[in-house]
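Engineer: Start from the sequences and build out the full structure, keeping to the hints where you can.
Numbered continuously in numbering that gives the first Met the number 0, the sequence shown closes out at residue 269.
Honestly, the hints are just simulated from the structure, not real lab data.
Check each hint, because a few of them may be wrong.
Stated by the list, open to error - In silico BS3-like links for lysine-lysine, alpha-carbon gap of 30 Å or less: (1) Lys134 with Lys36; (2) Lys1 with Lys103; (3) Lys213 with Lys191; (4) Lys242 with Lys213; (5) Lys102 with Lys134; (6) Lys74 with Lys152; (7) Lys213 with Lys233; (8) Lys191 with Lys103; (9) Lys258 with Lys240; (10) Lys258 with Lys36; (11) Lys233 with Lys1; (12) Lys191 with Lys152; (13) Lys191 with Lys242; (14) Lys213 with Lys134; (15) Lys213 with Lys253; (16) Lys131 with Lys102; (17) Lys258 with Lys1; (18) Lys103 with Lys74; (19) Lys253 with Lys149; (20) Lys142 with Lys74.
Claimed, not checked - Using C-beta positions, here's what the derived DEER-type ranges look like: (21) Ser137 with Asp37: 35 to 45 Å; (22) Gly245 with Glu208: 22 to 32 Å; (23) Gly69 with His194: 20 to 30 Å; (24) Asp41 with Gly129: 22 to 32 Å; (25) Glu208 with Gly40: 27 to 37 Å.
From the three backbone atoms N, C-alpha and C, an ideal C-beta is built for every residue, glycine too.
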Amino acid sequence: MKTIIYYFTGTGNSLAAARTIATILGDCELVPIASQKDIRGDIVPAADRVGIVAPVYDFGLPAIVVGFLGRLDLKKAGYTFCVLTLGGIGASALLQANAIAEKKNGRPFDAAWVVRMVGNFVPLYSPAEGGKLEKALSAADKKVQDIAGKVQKGITVRPGFAPFSSLLKRLMYDGFMRQLHEADRQFVSDEKCTHCGTCSRVCPVRNIEMVDEKPQWQHHCELCMACLNLCPAKAIQWTEKTKNRGRYRHPDLKIADMKAQRGEALENQP
0 MKTIIYYFTG TGNSLAAART IATILGDCEL VPIASQKDIR GDIVPAADRV
50 GIVAPVYDFG LPAIVVGFLG RLDLKKAGYT FCVLTLGGIG ASALLQANAI
100 AEKKNGRPFD AAWVVRMVGN FVPLYSPAEG GKLEKALSAA DKKVQDIAGK
150 VQKGITVRPG FAPFSSLLKR LMYDGFMRQL HEADRQFVSD EKCTHCGTCS
200 RVCPVRNIEM VDEKPQWQHH CELCMACLNL CPAKAIQWTE KTKNRGRYRH
250 PDLKIADMKA QRGEALENQP
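Structural biologist: Listed below in structure tokens is the structure:
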């Protein structure tokens, strides 16, 4: 059975999950959601089985994923699934994804899961390191493998009511979305900047331009935190908060993988 998985990733968690599922399923194409942004009209995947793998931001879906789901025509798909990665809680985002899918296609996803991995939002905390990091990624990988097995069998999994994360989403998500694209004004490059341009190359929505060898954010940011976490010199900060905090990227993530979200062929596609 042919499968297409559409994914969005900031620092590699969702891509790692998508790759694991693709490897187990076989005959699977990975398609970056960001590469579909400029396609006009609805997107109709030519596959019997279609999945979405993406992160949770502020108890909801990234803006780019919301827009994509609103154009994704799944009426002809035999089986659909959604996997959302997160660092804390956010089952409310599954309910949001199902609501968009149902409005568009007349039915929610056949199965939907969240996978707890490692958070990357350095403005709020230092990401996990060492043994804690390894333990979190190992547990996540086991859950993703279990999910892939259920997808293979076509099992239906409906997310339950998520009162706490739904409450937090109601309190925070609308504000997050209103301020999202202008929030990149908080990013700065400090004296450690080597003018390498990595930040510009890894941004999945091409929001960073190098001007006079310094990054300038163009105010259509998704707050994926790729620029901050993947800068090799740790020179990108979110105001002064992040200077002494760690950074996170999934250990399997390559810079070329991030560039692939911009429409280039994905390296090492299963």
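Engineer: Would you mind marking each hint as holding or not holding in the structure?
Structural biologist: Consistency of the hints with the structure:
1. Lys134 with Lys36: Outside the cut-off at roughly 35 Å; violated.
2. Lys1 with Lys103: The hint holds at about 22 Å.
3. Lys213 with Lys191: 11 Å, holds
4. Lys242 with Lys213: Roughly 18 Å separates the two Cα atoms, so the pair holds.
5. Lys102 with Lys134: Between Lys102 and Lys134 the Cα gap is close to 38 Å, so the pair fails against 30 Å, i.e. violated.
6. Lys74 with Lys152: 20 Å, holds
7. Lys213 with Lys233: 14 Å, holds
8. Lys191 with Lys103: 47 Å, violated
9. Lys258 with Lys240: 27 Å, holds
10. Lys258 with Lys36: Between Lys258 and Lys36 the Cα gap is close to 15 Å, so the pair holds against 30 Å.
11. Lys233 with Lys1: Violated, at about 41 Å.
12. Lys191 with Lys152: 51 Å, violated
13. Lys191 with Lys242: 11 Å, holds
14. Lys213 with Lys134: 37 Å, violated
15. Lys213 with Lys253: 22 Å, holds
16. Lys131 with Lys102: 40 Å, violated
17. Lys258 with Lys1: This hinted pair holds, its Cα atoms lying about 25 Å apart.
18. Lys103 with Lys74: Given pair Lys103, Lys74 holds - Cα atoms ~9 Å apart, limit 30 Å.
19. Lys253 with Lys149: Holds, at roughly 28 Å.
20. Lys142 with Lys74: 28 Å, holds
21. Ser137 with Asp37: 35 to 45 Å: The hint (35 to 45 Å, Cβ to Cβ) holds, given that Ser137 and Asp37 are roughly 38 Å apart.
22. Gly245 with Glu208: 22 to 32 Å: Hint holds: Cβ distance 27 Å, inside 22 to 32 Å.
23. Gly69 with His194: 20 to 30 Å: The hint (20 to 30 Å, Cβ to Cβ) is violated, given that Gly69 and His194 are roughly 38 Å apart.
24. Asp41 with Gly129: 22 to 32 Å: Given range 22 to 32 Å: violated, Cβ gap about 46 Å.
25. Glu208 with Gly40: 27 to 37 Å: Given a distance of about 29 Å, which is inside 27 to 37 Å, the answer is holds.
When the structure is compared with the earlier hints, violations turn up for hints 1, 5, 8, 11, 12, 14, 16, 23 and 24 and for no others.
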